[in-house]
Amino acid sequence: MGYPNQPHQRETPVLSRYFGDAEARSLEGWKKRGGYKALEKALGMAPADIVTVVKESGLRGRGGAGFPTGMKWSFMKPGDGRPHYLCCNADESEPGTFKDRELMRWTPHALVEGCAIGAYAIGAETAYIYIRGEFTEPLYWMEQAVKEAYAAGIIGKNAMGSGKRVDVYVHKGAGAYICGEETALMNSLEGRRGNPRIKPPFPAVSGVFGMPTTINNVETLIAAAPILMNGADWYRKMSLSNPKSTGTKLFSVCGNVQRPGTYEVVMGFPFKEFLYDLCGGPPHGRKFKAVIPGGASVPIQTLEEAEATLMDYEGFVAQGSMLGSGGVIVIDDAQSMVSVIARIARFFAHESCAQCTQCREGTAWTTKIMERIRDGQGTIEDMDTLLDIAEQMTGKTICVLSDSCAVPVVSGINKFRSEFEALIQGRRFHPVVAAVA
Amino acid sequence: MTPDLVGGLESPDYASHDRAAHEPYTPVFTGDVKRELDELLSHYPTKMAALLPALWIVQRERGWVSDEGMEEVSGLLELTPAYVKGVVTFYTMYHQHPVGKYFIQVCTTSPCGICGAEDVVKAFLRHTNAGELGITSPDGRFTVIEVECLGACGFATPVMVNEEFIESVSPEKVPDLIARLA
Numbered sequence: 001m002g003y004p005n006q007p008h009q010r011e012t013p014v015l016s017r018y019f020g021d022a023e024a025r026s027l028e029g030w031k032k033r034g035g036y037k038a039l040e041k042a043l044g045m046a047p048a049d050i051v052t053v054v055k056e057s058g059l060r061g062r063g064g065a066g067f068p069t070g071m072k073w074s075f076m077k078p079g080d081g082r083p084h085y086l087c088c089n090a091d092e093s094e095p096g097t098f099k100d101r102e103l104m105r106w107t108p109h110a111l112v113e114g115c116a117i118g119a120y121a122i123g124a125e126t127a128y129i130y131i132r133g134e135f136t137e138p139l140y141w142m143e144q145a146v147k148e149a150y151a152a153g154i155i156g157k158n159a160m161g162s163g164k165r166v167d168v169y170v171h172k173g174a175g176a177y178i179c180g181e182e183t184a185l186m187n188s189l190e191g192r193r194g195n196p197r198i199k200p201p202f203p204a205v206s207g208v209f210g211m212p213t214t215i216n217n218v219e220t221l222i223a224a225a226p227i228l229m230n231g232a233d234w235y236r237k238m239s240l241s242n243p244k245s246t247g248t249k250l251f252s253v254c255g256n257v258q259r260p261g262t263y264e265v266v267m268g269f270p271f272k273e274f275l276y277d278l279c280g281g282p283p284h285g286r287k288f289k290a291v292i293p294g295g296a297s298v299p300i301q302t303l304e305e306a307e308a309t310l311m312d313y314e315g316f317v318a319q320g321s322m323l324g325s326g327g328v329i330v331i332d333d334a335q336s337m338v339s340v341i342a343r344i345a346r347f348f349a350h351e352s353c354a355q356c357t358q359c360r361e362g363t364a365w366t367t368k369i370m371e372r373i374r375d376g377q378g379t380i381e382d383m384d385t386l387l388d389i390a391e392q393m394t395g396k397t398i399c400v401l402s403d404s405c406a407v408p409v410v411s412g413i414n415k416f417r418s419e420f421e422a423l424i425q426g427r428r429f430h431p432v433v434a435a436v437a
Numbered sequence: 001m002t003p004d005l006v007g008g009l010e011s012p013d014y015a016s017h018d019r020a021a022h023e024p025y026t027p028v029f030t031g032d033v034k035r036e037l038d039e040l041l042s043h044y045p046t047k048m049a050a051l052l053p054a055l056w057i058v059q060r061e062r063g064w065v066s067d068e069g070m071e072e073v074s075g076l077l078e079l080t081p082a083y084v085k086g087v088v089t090f091y092t093m094y095h096q097h098p099v100g101k102y103f104i105q106v107c108t109t110s111p112c113g114i115c116g117a118e119d120v121v122k123a124f125l126r127h128t129n130a131g132e133l134g135i136t137s138p139d140g141r142f143t144v145i146e147v148e149c150l151g152a153c154g155f156a157t158p159v160m161v162n163e164e165f166i167e168s169v170s171p172e173k174v175p176d177l178i179a180r181l182a
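Which chain is which? The protein sequence lines are C and H, in order. Numbering follows this note's numbering, with no gaps: position 97 of the first sequence is 97. Numbering follows this note's numbering, with no gaps: position 107 of the second sequence is 107.
Hints in this document: simulated from the structure, not taken from any laboratory. Values in this document were obtained by computation on a predicted structure and should not be read as measured data. Among the clues, some could well be false.
Below, in silico cross-link-like pairs of lysine-lysine (DSBU-like), each with a Cα-Cα straight-line distance of 35 Å or less [said to hold, decoys possible]: (1) C/Lys287 to C/Lys244; (2) C/Lys157 to H/Lys122; (3) H/Lys122 to C/Lys287; (4) C/Lys368 to C/Lys199; (5) H/Lys122 to C/Lys147; (6) C/Lys368 to H/Lys173; (7) C/Lys396 to H/Lys34; (8) C/Lys37 to C/Lys244; (9) C/Lys147 to C/Lys172; (10) C/Lys55 to C/Lys147; (11) C/Lys368 to H/Lys122; (12) C/Lys287 to H/Lys34; (13) H/Lys173 to C/Lys157; (14) C/Lys164 to H/Lys34; (15) C/Lys199 to H/Lys85; (16) H/Lys122 to C/Lys172; (17) C/Lys77 to H/Lys47; (18) C/Lys199 to H/Lys47.
Estimated spans, in silico, between C-beta atoms of each pair [what the hints assert, rightly or not]: (19) C/Arg82 to H/Arg126: 39 to 45 Å; (20) C/Gly376 to H/Asp32: 55 to 61 Å; (21) H/Arg35 to C/His284: 56 to 62 Å; (22) H/Glu36 to C/Lys368: 42 to 48 Å; (23) H/Glu36 to C/Arg10: 45 to 51 Å.
For every residue, glycine included, the Cβ atom is placed at its ideal position computed from N, Cα and C.
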C-alpha cells in the first residue's frame, strides 16, 4: 500500500499489507497474521516441489534483472555433498528504490520466513541476509526477528520440529553500492573488498565460500510465502498485460510528486493512472517532464513514453526503459535534466569499484563533462564525446555499473537534447517540456 | 531519543573518542566483546568472513578504525594488517580518522537533489558551525558530509546522525534537530 500514505483502493496489497502496522513486527503479531504457516507447509514438502510451484507461479526476480526465480532455484543441484548457501540481497542502494527498506522494517519476520523457505528449497542450511550498513532501522528489526525466530525454534538446528537445519544470519554491509551486485556481495560477505567477480563460474556453481549459492532480492523471497499458501495459479492470474509478468510488484515513488511512497500494484497496471491517480500527480503548479521508472540505472522516459506504459517487465521495455528495481523517480518541469543526469553520473563515479578501466575512467570523465555542461562551460562537441565514452562503457566490463552510468546519459542526450544545447549556447535553463525523441 | 526516529535504537556515544587519537591503544576485543566476536565467527565457515562485523565492533567501541584497530583485527582473524587496510579503505562507512561527536550524513543523490537536499546541507553547515563538508566543527561536536543514496528517497531528505536515521528533513527543521543533539 502507498505507505506512508493511506492505501489506495486500486492497489493490491499482498506483501505490503502490514506496512505501518507495528504489531506485525513481533513474532506473536506476525503469527496472528498467518505468519510461518507457509514455512510449516514448505518443510513438509519435497524441496523440488517447492521449486516447481515457484516456477509455475511465474515469479521473477524483483531486484532488477527479472530472472525467473524458480529456474534460478533449479540450478542448485541437490545432494552434491557440498554446503549450499542462500544469500538475501538487502543491499538496496539503487537511487529511487526503498521498497525493501519498508519490507524489512515493517515485516521482518516475512523475510526470515522467505529466507527459510528459499534455503530449504535449494538445499541450503544457511542463509545470509546482507543488509546495507546505512539501514540501521531495518537492521535492528531484522536482528530482533531472527533472535525471536531462533528462540521459538522456528529456525535453527531443528526448524519447526521438522528435523531440518535452517540457519539465518544478518550481515551488515559497510557502505558500497556495488555490493548490491551479486558477486560483489559474495566477496563482501567473505570479508573482501566488494569487487565484482568474472562470470562464469556462476554463483550456482561456485558462489560464496566457493560453494553453490543462490542470491535473491528481499521482495522475491518474501513473495515465496504467499505463493506457497495460495498456489501458483492465484499468483499467475495476477497479471494485467503480459502473461510473462505475474503477481504484484512494489514500486517506490520519489521525486517531484504529490504522494511519494511505496505502492503495490498488479503487474501490467497502467503507469499513467499510477502516476496521476495513486501518486497524486505533480506538485501544485508544476507538470511532469520525465520519469526514471526503475532506479537511476535505467533509461529515462519522456512523459509521453511513461504515460503509454503498462507496468511490467515487457511494458517498460516497450516504452524505452526497464522495470529495474521498481524505483520510480519523477521529475517535473522545474528541474534541469542536465543537472539531474550530472548528479546521477557523480553517483556512479563515486560508487565505481575502479576495477575495470572503462568504468573507472568513464564514470569520472562523464561526470566532469556533464558538470561542465551544467555550469555553462560545455561545447557542442561534448555531447558527441559523452556518447562516445558511453559506447566504450557499455558491455565491456565485469559488471554493469559502467553500463548503468552510460544509460541515463545516452537517453538524456537523445530525449532532452534541447536542454543540453540551451546550456551550451549560453542560454539560462528555462523549464521546458521535453521534445519527443 | 524520540521513538519516531529509530524505534529506541541507541546511538553509540562518540564523546570520548575525541581524545582517542592521542591515547595509547588498548585492545578492543576483551571480555564480552571478545565473546561477541567468537559468536560471530560461528556464523561463517571462514575467519575472514567476520572481518566486516569485527571492524564494525571496533568502530562502535572506539568511534573510528585506527591502524592499531586494524592490526588487532588482523591478528584475531589471521589476516595481514595490509589486507585489512585494503578492505577498510574500500568501504565508505568506516571512519579512518576521528570524527565529531555527531557524524551527520545528508543524502544528496538525484531523487533527494531534486527535492532540495542542497539547501538541507547548507542549513547543517551553517547551524553546526562546521562550515565545510568533512571538517569537524571547532567545538568537536559535528562533522557534516554529503552521502550517496541512503535508500529512503520517498522521505527526502533523509539524514543520518551516527546510527540514527531521520526522515524528511527540510532546512527549517535543522535548527531544532541540532538543538536536540546538543
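Evaluated hints:
1. The suggested pairing of lysine 287 of chain C with lysine 244 of chain C holds, with an alpha-carbon distance near 33 Å, which does not exceed 35 Å.
2. Of the supplied pair hints, the one linking lysine 157 of chain C and lysine 122 of chain H is violated, its CA atoms being roughly 53 Å apart against a limit of 35 Å.
3. Using a Cα cut-off of 35 Å, the hinted pair lysine 122 of chain H and lysine 287 of chain C holds, with the two alpha carbons roughly 27 Å apart.
4. Annotation: proposed proximity of lysine 368 of chain C to lysine 199 of chain C holds, straight-line Cα distance about 31 Å (limit 35 Å).
5. Of the supplied pair hints, the one linking lysine 122 of chain H and lysine 147 of chain C is violated, its CA atoms being roughly 41 Å apart against a limit of 35 Å.
6. Proximity of lysine 368 of chain C to lysine 173 of chain H is assessed by CA-CA distance (about 33 Å); at most 35 Å being required, the pair is judged to hold.
7. With a C-alpha separation of about 45 Å, the suggested pair lysine 396 of chain C and lysine 34 of chain H falls outside the 35 Å cut-off, and the hint is violated.
8. Between lysine 37 of chain C and lysine 244 of chain C, the direct Cα distance comes to roughly 28 Å. Compliance with the 35 Å bound is thereby established for this hinted pair.
9. Straight-line distance between C-alpha atoms of lysine 147 of chain C and lysine 172 of chain C comes to about 16 Å, which keeps the hinted pair within the 35 Å bound.
10. Between lysine 55 of chain C and lysine 147 of chain C the CA atoms are separated by roughly 31 Å; this keeps the pair inside 35 Å, and the hint holds.
11. A distance of roughly 23 Å separates the Cα atoms of lysine 368 of chain C and lysine 122 of chain H; the hinted pair therefore holds under the 35 Å criterion.
12. At roughly 58 Å between alpha-carbon atoms, lysine 287 of chain C and lysine 34 of chain H are farther apart than 35 Å, so this suggested pair is violated.
13. Pair hint lysine 173 of chain H plus lysine 157 of chain C does not hold up; C-alpha atoms about 49 Å apart against a cutoff of 35 Å.
14. Between lysine 164 of chain C and lysine 34 of chain H the alpha-carbon distance is near 31 Å, which keeps this suggested pair within the 35 Å criterion.
15. At roughly 27 Å between alpha-carbon atoms, lysine 199 of chain C and lysine 85 of chain H fall within 35 Å of each other, so this suggested pair holds.
16. For the proposed pair lysine 122 of chain H and lysine 172 of chain C, the alpha carbon gap of about 30 Å is at most 35 Å, so the pair holds.
17. With a C-alpha separation of about 27 Å, the suggested pair lysine 77 of chain C and lysine 47 of chain H falls inside the 35 Å cut-off, and the hint holds.
18. Distance hint between lysine 199 of chain C and lysine 47 of chain H is fulfilled; the C-alpha atoms sit about 25 Å from each other, no more than 35 Å.
19. With their beta carbons about 58 Å apart, arginine 82 of chain C and arginine 126 of chain H fall outside the hinted range of 39 to 45 Å.
20. The beta-carbon spacing between glycine 376 of chain C and aspartate 32 of chain H, approximately 58 Å, falls within the hinted interval of 55 to 61 Å.
21. Against the hinted window of 56 to 62 Å, the Cβ-Cβ separation of arginine 35 of chain H and histidine 284 of chain C comes to about 57 Å, which satisfies the hint.
22. Between glutamate 36 of chain H and lysine 368 of chain C, the C-beta spacing of about 45 Å keeps the proposed range 42 to 48 Å intact.
23. The supplied range of 45 to 51 Å is met by glutamate 36 of chain H and arginine 10 of chain C, whose beta-carbon atoms lie about 48 Å from each other.
In terms of the numbered hints stated before, the structure departs from hints 2, 5, 7, 12, 13 and 19, listed from lowest to highest.
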